[in-house]
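> The listed protein sequences derive, respectively, from chains A and B. All residue numbers for the first sequence refer to the numbering used here, where the first residue is 1 and numbers rise by one. All residue numbers for the second sequence refer to the numbering used here, where the first residue is 1 and numbers rise by one.
Just so you know, not all the hints are guaranteed correct.
For lysine-lysine, the following BS3-like pairs were computed, each having C-alpha atoms within a straight-line distance of at most 30 Å [as the list claims (entries may be wrong)]:
| no. | chain 1 | residue 1 | chain 2 | residue 2 |
| --- | --- | --- | --- | --- |
| 1 | A | 2 | B | 14 |
| 2 | B | 57 | A | 45 |
| 3 | A | 79 | B | 57 |
| 4 | B | 14 | A | 42 |
| 5 | A | 42 | B | 9 |
| 6 | B | 70 | A | 42 |
| 7 | B | 70 | A | 45 |
Facing chain B, a subset of chain A residues (Cβ under 7 Å, in silico) [said to hold, decoys possible]:
| no. | residue |
| --- | --- |
| 8 | 43 |
| 9 | 44 |
| 10 | 105 |
By construction, these hints were calculated from the structure, which means they are not laboratory data. We put the CB at the ideal spot given by N, CA and C, even for glycine.
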Amino acid sequence: RKEVEQDPGPFNVPEGATVAFNCTYSNSASQSFFWYRQDCRKEPKLLMSVYSSGNEDGRFTAQLNRASQYISLLIRDSKLSDSATYLCVVNVARGSTLGRLYFGRGTQLTVWP
Amino acid sequence: DGGITQSPKYLFRKEGQNVTLSCEQNLNHDAMYWYRQDPGQGLRLIYYSQIVNDFQKGDIAEGYSVSREKKESFPLTVTSAQKNPTAFYLCASSDRGLNSNQPQHFGDGTRLSIL
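Just chain A, same shape as in the assembly:
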């Protein structure tokens, strides 16, 4: 089973729509969680970290459910510039060894006018 699973999409939504992406992770030892954004043929860029209490950054809201091993990203009032691939990323610690990041394959979003 993959460490991080995401619905690959694509999600095609009109401007102004609200869209939600989900991600599940398999390892309960996961310590920290992030959403990255990757534009076509570009490097991933950190969108936001995900905290246990949930957190919001403008139009973006991230939630974490440790019991269900589930992470979500909500985008409100979608803009054309939100079109990108969104990567779910999990830091997994393994006992005494150092943790490492695992990346989902990404969820593709296209916002149309």
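Go by the hints and put chain B onto chain A.
Just chain B now, with coordinates in the frame of chain A:
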């Protein structure tokens, strides 16, 4: 400006040739990483380094080699043993290494193709 610089942006490899991808960071980060991304795939870890003169294999290290002689630099060599090198290569760095909650920051990547 602080950041991670990868070069070249595009690279072509001939059969049997070794090529080296450069990664330099001026963020004073201890940890550096190399990933490979294939179309429609997630990032896969090739090698990582927590401190100077130390590095560890990731999930797909075969056919690759690295060095970490300076904190700022973590070059990746794609050897002739790597039979399918065509991919997008991403270098990243982070503060305090993998056992922290710090995210990784990426360079803008190198696209490697076979001639």
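> Indicate, hint by hint, whether the structure satisfies it.
Verification of the supplied hints:
1. A:2 - B:14: 34 Å, violated
2. B:57 - A:45: Judged against 30 Å, a Cα distance of about 24 Å means the pair holds.
3. A:79 - B:57: 40 Å, violated
4. B:14 - A:42: Cα-Cα ~25 Å, so holds.
5. A:42 - B:9: 11 Å, holds
6. B:70 - A:42: Judged against 30 Å, a Cα distance of about 27 Å means the pair holds.
7. B:70 - A:45: 25 Å, holds
8. 43: 4 Å, holds
9. 44: Hint holds; residue 44 of chain A Cβ to chain B Cβ min 5 Å, cut 7 Å.
10. 105: 4 Å, holds
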